[in-house]
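> Could you build the full structure based on these sequences and the hints that come with them?
The sequence shown begins at 1 in the numbering used here and counts up by one.
It is worth saying that the hints were derived from the structure and are not from the lab. Treat each hint with caution, since some may be false.
Below 27 Å or equal to it, Euclidean Cα-Cα: the simulated DSS-like pairs (lysine-lysine) are [to be verified]: (1) LYS46 x LYS171; (2) LYS171 x LYS221; (3) LYS89 x LYS259; (4) LYS259 x LYS191; (5) LYS89 x LYS144; (6) LYS169 x LYS78; (7) LYS89 x LYS78; (8) LYS144 x LYS259; (9) LYS46 x LYS169; (10) LYS46 x LYS191; (11) LYS171 x LYS78; (12) LYS221 x LYS191; (13) LYS221 x LYS169.
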Amino acid sequence: MASTKKVLLWGCLGCGGFLALLIVLALGGVGFFAYQAVQFGTEIAKEYTTLTQNYEQLDQEIAFTPPENQLFTDERLKEYFVVRSSAVKFAEQYGDTFGKMGDEIGQTFDKGGVSSKISGAGKIGEIIKQAAMMPATIGNEHLKLLREAQMSPDEYVWFTREVLGVLLKAKDNEFEAGQTMWDNYIPAFEKARDHIKGMNINTGQFQIDGNDIQLDSLLGKVNDVTFIQENAELIAQNTDQFVMEGNATILDYMALHLKEILADFSQKHDGPQAPQEVAPQAQ
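Right, dumping it as structure tokens:
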């Protein structure tokens, strides 16, 4: 990650690859100013429209109805964990790439002189343009992983909800392994959220505020899950597959809100508009 004296790249890499990205530029070491968001062109708008359609199409191709007894199967749970961990790994690789780009930009500005600042500004423009396409790229990877597992987005969301619901209720049901997982999950979520809670991006087409990502909102999606002992036992047998590092918890959050995110994209990515400047914010 770039130094706070250089360029900060804050990313929220979630299910479907929806990225909330803020690029903050430190000028002269005094204060932080949000860089003007890049305009979404027609090609980018179409990419997000296509991404939304592809999620909907996969749900139609691999129709999913939750089992009446709500029971997992060991094989399917394992496949879910593989898709989840692979999506997290892919997203983190992208985050590392942008962190390195941020360091490069910071080094350019550290050289001093007008020419280096112009060069750095050009690189910032480039990274913003790439960031605009990053969510679609990660989203397409997630779709590829789902298709390989013959798993619909609906089924992925169902597993996310059911697994987290079991862990949430582990303590009340004396599920010790699940309680340990949940006790580690909450701090991991809060830590990930701390990296993005000051994030804000406004492209003129949509605005995302990292403060909107709240634990209560996640809990609201899972607190009515029925604790099922058989499901708890299968989770306990696969604890080593339940990744919590990096952006895994934020990916879960985005999975639980996938329908809302897709609806938002389909409504607001219907054509290019002029970008707007993001107001400066203290850090």
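> Each of the hints needs a verdict: does it hold here or not?
Hints and how they fare:
no. : hint            : verdict
1   : LYS46 x LYS171  : violated, 46 Å
2   : LYS171 x LYS221 : holds, 18 Å
3   : LYS89 x LYS259  : holds, 23 Å
4   : LYS259 x LYS191 : holds, 25 Å
5   : LYS89 x LYS144  : holds, 14 Å
6   : LYS169 x LYS78  : holds, 21 Å
7   : LYS89 x LYS78   : holds, 16 Å
8   : LYS144 x LYS259 : holds, 19 Å
9   : LYS46 x LYS169  : violated, 42 Å
10  : LYS46 x LYS191  : violated, 34 Å
11  : LYS171 x LYS78  : holds, 23 Å
12  : LYS221 x LYS191 : holds, 20 Å
13  : LYS221 x LYS169 : holds, 13 Å
Checked against the numbered hints given earlier, this structure breaks hints 1, 9 and 10; the rest are met.
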